[in-house]
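The hints should help you fit chain B onto chain A, whose structure is shown.
These protein sequences, in sequence, are chains A and B. Residue numbering for the first sequence follows the working numbering, beginning at 1 and increasing consecutively. Residue numbering for the second sequence follows the working numbering, beginning at 1001 and increasing consecutively.
Check each hint, because a few of them may be wrong.
Anything over 10 Å on all C-beta distances counts as not near chain B; from chain A, calculated [what the hints assert, rightly or not]:
#, residue
1, Pro-18
2, Ser-41
3, Arg-45
4, Lys-46
5, Ser-85
6, Ala-123
7, Pro-126
8, Thr-128
9, Val-149
10, Ala-166
11, Phe-174
12, Arg-189
13, Arg-213
14, Ala-218
15, Val-225
Cut-off 25 Å, straight-line C-alpha distance, at most; resulting in silico cross-link-like pairs (DSS-like, lysine-lysine) [claimed, not checked]:
#, chain 1, residue 1, chain 2, residue 2
16, A, Lys-46, A, Lys-169
17, B, Lys-1120, B, Lys-1144
18, B, Lys-1120, A, Lys-169
19, B, Lys-1090, B, Lys-1036
20, A, Lys-200, A, Lys-46
21, B, Lys-1144, A, Lys-169
Hints listed in this document are in silico derivations from the structure and should not be mistaken for laboratory results. Where is the CB? At the ideal position from N, CA and C, for every residue including glycine.
Spelled out, the chains give:
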Amino acid sequence: MDDMRTSSRAKKKPPYGPNIVRAWFDTVLNPGLRGLDRERSLLDRKSWTYRFYSDSLESIAPFAAHGVSRANLEQFTEFFAEVASRVGQHDECVESLRLACGNYHAAIMNDPGFREAVRQIEAEVPETIGGEFGSHFGAYSRHEDFLGVLAENLVNNFEELPDYYATYKLWNQFRQRLVAVLDASELARRRRETEAAGRKLFQVVDSLIDELRRIRSALSLEVDVPFAAETAGVQG
Amino acid sequence: MKAAREPVPGLAIDTNLLLVVLGHRCLQYEQATTLKREQVLNRIRGRSDFVPVERFEALWHYFRTARRRVVTQHVVAEAYGSRRRLEFPKEVIWRSAIDVLTEFALEELACSIRDLRGAKAYERLLFEIGPTDAGLLHLAEREKLTLVTEDGPLLQWAGTRAVPVLHLRQI
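Isolated chain B, as found in the complex:
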């Protein structure tokens, strides 16, 4: 694989990988060992294939060094709803979330369903992949961001909408 392009211009991140980023931050507070980081982050990621810890470190580096880090409010709401997957005490999760929002200036932008219905191509996407993913893709296209996701349909639609996209294994 070619190395990801540098500098990272700006990224839009999906709910699942945002949870992984939050989990990574929580593990930094705990000064967790490499082995523990690998195990916990794979559990948070919640997929059947195992990812080596280097990929999570690469995601963290990519996230940290991107010129912009952007999500939609739907993504934040979904991440909040899935916070139990983080396996950490509540106060550690909140500290991590506040860090990611402030220290790394995670931008939380709005993309309403009305915005999507107004964009002809996205009306179809809304039904195909749902409001959260369609909104994130719309935002990435509008703000000229690289999308970071492992979601199959979202990867496919990113190609259709000419949105540069990277899978966790490609970062």
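Next comes chain A alone, as it looks inside the complex:
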């Protein structure tokens, strides 16, 4: 970004014009910023969006996965090399968070306290919230997956769930008992590791957003291209 403010840049005509900048806005900066904004909001709430079934983070992803054109990103980073380095750092942090969530989930699944709590809850379900234990887990049908869903909710720091969640009745009734299990030392350690990975990613996301916004703003004025393409129906 700093190089954009240098006198040489100010005097020399940039090698890119409005067409290229328009493409960068539409296929790199705008979709990338939308994805990063969403990530920041999720990370701020410690909602890691971990999915045990695919061992992945659903809404936190490498930068290019947010609908960004890889070819245009490649061209963009030829001119803004510092972004390439930050994007690389972002993607590494995403992978670290995914691994931390996976390890945390595995630790919960292997924890005897968690298994015992679930065993007790399972026995109480018919009398408290009704139905068989397994009927509260949507499309899952294996007992091990029922545990996986509950451990996933714990990893993702779910609070009370609204009633459009398949697991809301069971989760809202027994959440406190499951959360209490996390005080076990091994689980507390895994939780701290996951939160540390989340914090690190949050910082990287935050600085990448600032960087991309600054570049977008400077490019917009430099080449006289608005952030968003004209929207049909919106007339001056």
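Same frame as chain A, now just chain B:
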């Protein structure tokens, strides 16, 4: 990533990936090269990111070996409406579609908008993601299937409804 669970119990597939499956079958008739398969299937898939041919082969294997393969009638209707994306002669497309429906016993189940309105949680989904995706999700939940999709909102709602879901890159 962990490997997908085996055996595959049964899958519900969305319109876009059903088109990819149909395209894969069409390419088998043509004995297309690996390079051509990769190019054509990426075009049918219609997304900005490029997927290596191995992912399409994995989808095909997953589809072929699943205990059940299920779609809703809405998905079939959408796939029919998008058939031009398949880039093959009409007779090849029909042959492929008939194969997928018969040889691989693709089940075409009904999920009416009335069914969705009757399920409290799905009333909201109907407005959020539309009848085709809401219907497919409802079907996956009811029939205890794994959903295969690349659609962002559908992936998100699958998590909400506790429906196991796999993205093309995760198969």
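- Message: Tell me the hint numbers this structure goes against, listed in increasing order.
- Response: Of the numbered hints, 9 and 10 do not hold.
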